[in-house]
Amino acid sequence: MMSLRTVAMAFTLTVLTACGGGGAASPSAQPTPVATGTPGTVIPATVQTLAGNGSAGNTNGSGRSATFAAPTSIAIDVVGGVLYVLEPGATEIRAVTRQGAVTTLAGGLSSPGSLTFDQNNASLIVTNTATSALVRVTEGGVFSGYAQVPASQAIPPTVLGQITADASGTVYATANRAGDLFTIVPAGTVSSQAVGPGAQGVVAPSADGSVYVVNQGAGALQRISAAATTTIASSPLLQPTQSMTFDPADSTFYLTDTRDNRIIAATMGGQVTVFAGTGTAAETDGTLAMASFNAPSGIAYDASSGALFVSDTNGNTIREIVGF
Amino acid sequence: MNTVNTADYGGQAGYILNPGSANGVGDVFVAMVALNDVSMNASQTGGYNLLYGPTTHGPNGNCLELSTDYYNGYGSTGTISQVQIWDFCASGWAGAIPMDASFFDKYVRVYSNGNGMPQYIAEMAEGPDTKWHAYLFNNDNGLYDDIYQSSAGAVSSVLNGEGWSIFETHYSVGTCSTIPTTGESGLRIHDSNTSHADWYYPGAYYTYSYGDCFPGGGVVSPYYTVNYAPSPDMSWLVNTN
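Chains A and B, in that order, give the protein sequences.
The first sequence finishes on residue 364 if you use our numbering, and the numbering steps up by one all the way, no holes.
The second sequence finishes on residue 1215 if you use our numbering, and the numbering steps up by one all the way, no holes.
Simulated from the structure, these hints should not be mistaken for lab results.
There could be a bad hint or two in this list.
As the list claims (entries may be wrong) - Listed next, the stretches of chain B that the computed footprint assigns to chain A, with coverage defined by at least 3 CB atoms under 8 Å from CB atoms of chain A:
1) 1087–1101
2) 1111–1121
3) 1154–1166
Stated by the list, open to error - Result set (SDA-like, lysine to any residue): computed pairs, CA atoms no more than 20 Å apart in a straight line:
4) B:Lys1105 <-> A:Ala321
5) B:Lys1105 <-> A:Gly363
6) B:Lys1105 <-> A:Thr269
Claimed, not checked - Listing some non-contacts, in silico: residues in chain B with all C-beta distances to chain A over 12 Å:
7) Leu1024
8) Ser1050
9) Ile1054
10) Gln1058
11) Ser1076
12) Phe1078
13) Lys1080
14) Arg1083
15) His1107
16) Ser1125
17) Ser1151
18) Asp1172
19) Trp1173
20) Tyr1175
21) Met1208
Think of the CB as a built atom: it goes at the ideal place given N, C-alpha and C, for glycine as much as any other residue.
Use the sequences and the hints to build the structure in full.
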């Protein structure tokens, strides 16, 4: 049985050939096509559009010939070199290569809320906002049960927010209204931990098992370990956080501010700044300070290319931030 | 008995409003108003306790929820009392107003059309700018203060368009007796039909109770006596003492 990773890469090769690219090399081995210029020229960090032309739709294709329908959650298979984008309204998952080739991986999801890529099993985990169930999505869009947050703990209108998976396949999910962090081990056992009103965004980058969560109410980025909960950064800029990712090379978290159309950076040292976006709701490519987003929602850091990928929900595009 | 609970066994009671229920015939909902109880001296003890009581959210795409919150733990000192705004068309938590002396002066009264408890009047409405606005009635000037606006044109699909007016606990196991008596009254929703636009009682709803503070509805003991009384005029009151 092929894995999701195998299928996605095979399709990528097909698209490149069909487009006349004649690519003989595996796309996952190619660098992201950025940072071109005269040798010696300093290329400023830029925001550019990877895929989507701004129109709402579900047309597959390459780059700006593709359309998206309010993309939200985003996850990356770093090894396979594929982004996965959730479109809750269309109940679909789209696959996007680093070169911008867009396909539909799966459709017919039930009340999808958020997704993450489980590197350990080369598959996606998707939440159901109506039932607080989690499903695994494998090749060909095949669904299978993964876990169920017990109704006694996920009383409606509890809505599972961003989810992430660590190297062992354990999934972490925030529940915004309930103020909880749920931990779901592969066997399906669910435990909950208090974060505070407005628990949002979660990453698990630490080898020691620490998980990082934003407490919107407190405007705090918190490190949660077995021993203690520690605030590592605090700022009003953190309060509108939708989701976040982590760049281990710079020890920096990047967070989407959907409300204010910005990307926020928070370092392990506690510095919080506006990283990109003018704040105006628009689809403008350019330098970090000049570019605009339109309700950025999902965000994922690609360690192999050093790029950030952002789903612009109201802009119906997938953006990438490179050269930083 | 105060017990620090390590898992969130939530509890709820109240009204769930079905989508399309503005006047029972499916007209589009554009506003919701309610008189929400506040406690003057709420104090919770134990590890983590979080009470939304009451918390209201309009059906049919309303982006906003207004919660009357009391919580302790979560790194805070003492019991935090505030009115909290949620925006389901953005990233959830959208701000909070402390229920301090200024709040009580401006917004809290025992209203003649209320339930006899200190209350504030909250309204959530879609404006001509297609934004969802959260308003609090300011007794100092007799006007509604516009305290928050969602993004223009945004529509929420949370819980498939259902609305609610509920009492909700998180953690709180063994501390139900310390939760203040709280409730809501005068819940109305407004439709947009130009021929008969008016305030209505929701035409389709159901009531329920669930969780550790409610006999028979929870999964964790101990249970406490509950006086839960939904009434025909869309009011409810919860007393877990």
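Q | Hint check against the structure, violated hint numbers in rising order | A | 1, 2, 3, 5, 6, 7, 8, 9, 10, 16
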